Amino acid sequence: MEGSKHSKPQPRLSLRECAIDLAERSGIVRTKDLEAIGVPRQYPPMMCREGLLVRVGYGVYRAAAKDSRPEESGTSPMTEHDKPSDFYSE
1 MEGSKHSKPQ PRLSLRECAI DLAERSGIVR TKDLEAIGVP RQYPPMMCRE GLLVRVGYGV
61 YRAAAKDSRP EESGTSPMTE HDKPSDFYSE
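For the sequence shown, full-length UniProt numbering assigns the number 1 to the initial residue and increments by one for each residue that follows.
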């Protein structure tokens, strides 16, 4: 294995992190834009309740100001009711 280096794989971004990244880069994102990168359409409203996104219109969002976001504690501020699995189970 000539010249091969064993580098650590980059950590994969969560769906929330991907949504915030896109919103920060684009300024404004639509639900359709978020779905295109794999973010379920239920996430933007949940992310608004969490203080990560701000709804600026029907299906249109922007990233919340970094100083107004909840601290990254490694735990999700979602309630049991908000978990995506609840949207799919009956």
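Just so you know, the hints here were simulated from the structure itself, not pulled from any lab data. Computed from a predicted structure; not experimentally measured. All C-beta atoms in this analysis are idealised placements derived from N, C-alpha and C, irrespective of residue type, glycine included. A couple of the hints might just be wrong.
Claimed, not checked - If you anchor each label on the Cβ, the simulated ranges turn out as follows:
#, residue 1, residue 2, range
1, 49, 24, 24 to 32 angstroms
2, 8, 54, 18 to 26 angstroms
3, 9, 67, 27 to 35 angstroms
4, 36, 57, 15 to 23 angstroms
5, 70, 12, 30 to 38 angstroms
6, 42, 21, 29 to 37 angstroms
7, 69, 10, 21 to 29 angstroms
8, 55, 18, 35 to 43 angstroms
9, 58, 8, 41 to 49 angstroms
10, 9, 57, 13 to 21 angstroms
11, 58, 25, 15 to 23 angstroms
12, 60, 10, 16 to 24 angstroms
13, 9, 37, 18 to 26 angstroms
* **Cβ separation of residue 42 and residue 21, checked against the hinted range 29 to 37 angstroms** => violated (19 angstroms)
* Check the following: the C-beta atoms of residue 9 and residue 57 are separated by a distance inside 13 to 21 angstroms. => violated (38 angstroms)
* Asked: How does the Cβ-Cβ distance of residue 55 and residue 18 compare with 35 to 43 angstroms: does it lie in that range?
  -> violated (18 angstroms)
* Could you tell me whether the CB distance from residue 70 to residue 12 stays inside 30 to 38 angstroms? => Since the Cβ atoms of residue 70 and residue 12 sit about 21 angstroms apart, the hinted range of 30 to 38 angstroms is violated.
* Asked: CB of residue 49 to CB of residue 24, is that within 24 to 32 angstroms?
  -> violated (19 angstroms)
* To do: Can you let me know if the beta-carbon spacing of residue 58 and residue 8 is within 41 to 49 angstroms?
  => holds (42 angstroms)
* **Outcome of range test on Cβ distance (residue 36, residue 57; 15 to 23 angstroms)** => Given about 18 angstroms between the Cβ atoms, the range holds.
* Beta-carbon spacing of residue 60 to residue 10 - inside the hinted bounds 16 to 24 angstroms or not -> About 30 angstroms separates the Cβ atoms of residue 60 and residue 10, which means 16 to 24 angstroms is violated.
* To do: Please test the hint of 27 to 35 angstroms on the beta carbon pair from residue 9 and residue 67.
  => holds (31 angstroms)
* Is the gap between the beta carbons of residue 8 and residue 54 within 18 to 26 angstroms? -> At roughly 35 angstroms between Cβ atoms, residue 54 and residue 8 fall outside 18 to 26 angstroms, so the hint is violated.
* Pairwise beta carbon distance, residue 9 to residue 37, judged against the given window 18 to 26 angstroms -> Given about 20 angstroms between the Cβ atoms, the range holds.
* Asked: Is it true that the C-beta distance of residue 69 to residue 10 lies inside 21 to 29 angstroms, as the hint says?
  -> For residue 10 against residue 69, whose Cβ atoms are near 23 angstroms apart, the range 21 to 29 angstroms holds.
In this structure, the earlier hints numbered 1, 2, 5, 6, 8, 10, 12 are contradicted, and the remaining ones agree with it.
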